[in-house]
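Those protein sequence lines, which keep their order, are chains A and B. Residue numbers for the first sequence follow the numbering used here, beginning at 1 and rising by one. Residue numbers for the second sequence follow the numbering used here, beginning at 101 and rising by one.
Treat each hint with caution, since some may be false.
To be verified - Simulated restraints, written as ranges between beta carbons of each label pair:
id	chain 1	residue 1	chain 2	residue 2	range
1	B	F186	A	R67	15 to 25 Å
2	A	K76	B	K174	43 to 53 Å
3	A	K68	B	M199	23 to 33 Å
4	B	V189	A	E14	18 to 28 Å
5	A	R67	B	M199	36 to 46 Å
6	A	N17	B	G116	39 to 49 Å
7	A	R67	B	K133	13 to 23 Å
8	A	K68	B	H181	18 to 28 Å
9	B	K123	A	K68	29 to 39 Å
10	B	R111	A	S69	34 to 44 Å
11	A	G34	B	E177	33 to 43 Å
Just so you know, the hints here were simulated from the structure itself, not pulled from any lab data. Ideal Cβ placement from N, Cα and C applies to all residues, glycine included.
2 protein chains.
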Amino acid sequence: MILEVAILNVRQGEEGNFEQDFKIASRYISAIKGYLNHSLKKCVETKNQYILLVNWKDIESHEIGFRKSKEYLKWKELLHHYYDPFPIVEHYETVFQNMK
Amino acid sequence: MILEVAILNVRQGEEGNFEQDFKIASRYISAIKGYLNHSLKKCVETKNQYILLVNWKDIESHEIGFRKSKEYLKWKELLHHYYDPFPIVEHYETVFQNMK
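For reference, chain A alone in the conformation it holds in the complex:
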């Protein structure tokens, strides 16, 4: 399992529209083979900053399965214009977890 992480900086004043469009766009990412779950979280300290967390079966499900899909074109069209700067996306593997 791989966690995709992106810190998203949304143009100021567009947070409400972004959150609405994110909910719509969620149907596209969650339709992809190898997608496990995702969440969007809003930063307490920085009003227009968010974090996107997506669990994938493996990196290929994200980088090939999603990014080369027609669903990605819809995701991109709905969301990419909100970001400034454009986010860096990274992938993480679990080293340790305590889910008590």
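The hints should help you fit chain B onto chain A, whose structure is shown.
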């Protein structure tokens, strides 16, 4: 529920020791009232980069309950010397999640 997020850059070559000490340090954070769960994940793209994710009942459990505790002194002693630069810690609230 609040997610604490910190991107950790560990001094190169010290990743193995850091991971071991993180496991030891985990007992201190998980003993705090309001702590829910946590994980440490390793970046696929950048060898010495990690992400720490901690779920807390609320921000106070982290900022007061943990940071003013004697457990924090042990956590700090075990881990802080590995970081360069010293990490920025932020808190996030859930806007949307799909845990299918």
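Q: Run the structure past the numbered hints and jot down the numbers of the failing ones, going up.
A: 1, 5, 7, 8
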